[in-house]
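**Q** Can you make the complete structure from the sequences, with help from the hints?
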Amino acid sequence: MAEQKDYITYVHEVYDYLHTIPELGFEEYKTSAFILSELKKCGFRDEDIVSGIAGTGILVTIDSGKPGPVLALRADIDALEFIINGERKIIHACGHDGHISMLLVAAREIKNRGLVKAGRLKILFQPAEEKLFGALKVIESGVLNDVEEMVGMHLRPKQDCRLGKAIPAMYHNASCIMHFSIKGKTAHGSKPHLGVNVADALSLSTQAVNMIRVNPAIPSSVKVTNVKIPGETYNNIPEEAFMALDLRSESNEEIEHMKELVVRAVTKACEAVGAEATLTFNSGVPAAEFDDDMIKLAEETILDVFGEHGSIGIFKNSGGEDFHYYTQKLHCKTTYMGLGADAVPGFHNPNVVIDTKALEYGVQIWCRLVEKRMHD
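Going by our numbering, the sequence shown opens with residue 1463, and the numbers climb by one from there.
It should be emphasised that the hints constitute simulated quantities derived from the structure, not laboratory data.
By construction, the Cβ of each residue, glycine as well, lies at the ideal position given by its N, Cα and C atoms.
Below, a list of computed lysine to any residue pairs in the SDA-like style, where the Cα atoms sit at most 25 Å apart:
id	residue 1	residue 2
1	K1795	G1527
2	K1620	H1810
3	K1778	E1762
4	K1819	F1809
5	K1645	Y1696
6	K1647	F1743
7	K1593	G1746
8	K1721	L1666
9	K1778	L1759
10	K1584	E1571
11	K1653	E1733
12	K1791	D1753
13	K1819	E1770
14	K1778	A1679
15	K1627	E1761
16	K1593	R1550
17	K1573	C1794
18	K1647	P1692
19	K1620	I1470
20	K1584	G1514
21	K1579	L1759
22	K1627	E1571
23	K1721	S1683
24	K1551	V1815
25	K1573	S1499
26	K1795	E1716
27	K1795	Q1826
28	K1593	E1722
29	K1584	F1752
30	K1795	G1576
31	K1795	V1605
32	K1503	Y1491
33	K1721	V1686
Label pairs and their computed distance ranges (CB to CB):
id	residue 1	residue 2	range
34	K1730	E1489	40 to 48 Å
35	A1706	D1508	44 to 52 Å
36	V1725	E1751	19 to 27 Å
37	E1489	K1778	28 to 36 Å
38	K1467	E1751	37 to 45 Å
39	N1574	N1744	41 to 49 Å
40	E1509	E1610	18 to 26 Å
**A** As structure tokens, this is what we get:
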């Protein structure tokens, strides 16, 4: 597919094919095999490529052989699961097929045009972003230990950023999911005084969570998102329950404080009715923390590609992204760009469609960014 094609034709062909083979995180076997095959068709040598990272990830390196920055570019490669009319379907509903296409084609163009004139460029195709810990698994592999700078990019829906424009820095929130197991004591419904009702504990815990107060100057939210009591016997006092919560904040410090408040609220509320709450799961992703110079590089790149009105500036997004683990764990300088694609009705909707003209722009942005940063 890669040979003798201009980048515009190539990026559309890659996207059209990838859209037909969506796979879940850590199961991207067809996707990974395709990327590997195309990289080799583009002329990358076996010694330039590391495959099987975190199972399905791929890293390709372009080394100028000269001193300079070690820059990494990243695309995520997994899709999403939906239940539609009772049937399980895997769909590329978050644009990751577009991300792969733009970066894969850019890799060919960067190589063929000789844009890496100083330093080393590492191009990463990362698995399992939707699981929110694919980046952690890549970091654990050690293949990025030498990275000094890193840039990610995500296509954007119509309401965020229009086609022909881009965002130099998308600030995602820190987000966290917490699970609690709540234990009470069963009894017959006619003798509630002999039991400890976990339904009461759930109700009181929810109210306690809703009463949590944090610094109003930092946009944050905490809410109960799921409660379950197993079984279908409705004339007894239930003794076991499950509760899940979603936490979000623009501040990594604030979300840690919120976690402490949640544990206290749920455990104390349960104790008030004689139940016991145990935290069983506590996981999430950090908030974005970007480097000013990397934001400036992204901004200048966008203006070079789109002209003086091409950037809409910094954008804040309440969603989460595991890309920000690279900043936190590798201590490298980062930014995360947004690219207008007029996606409707929105990502994570199984019916989402993008304007594929954005793919061409994405290739141009990646190439120009490398050209600007890795010159002699």
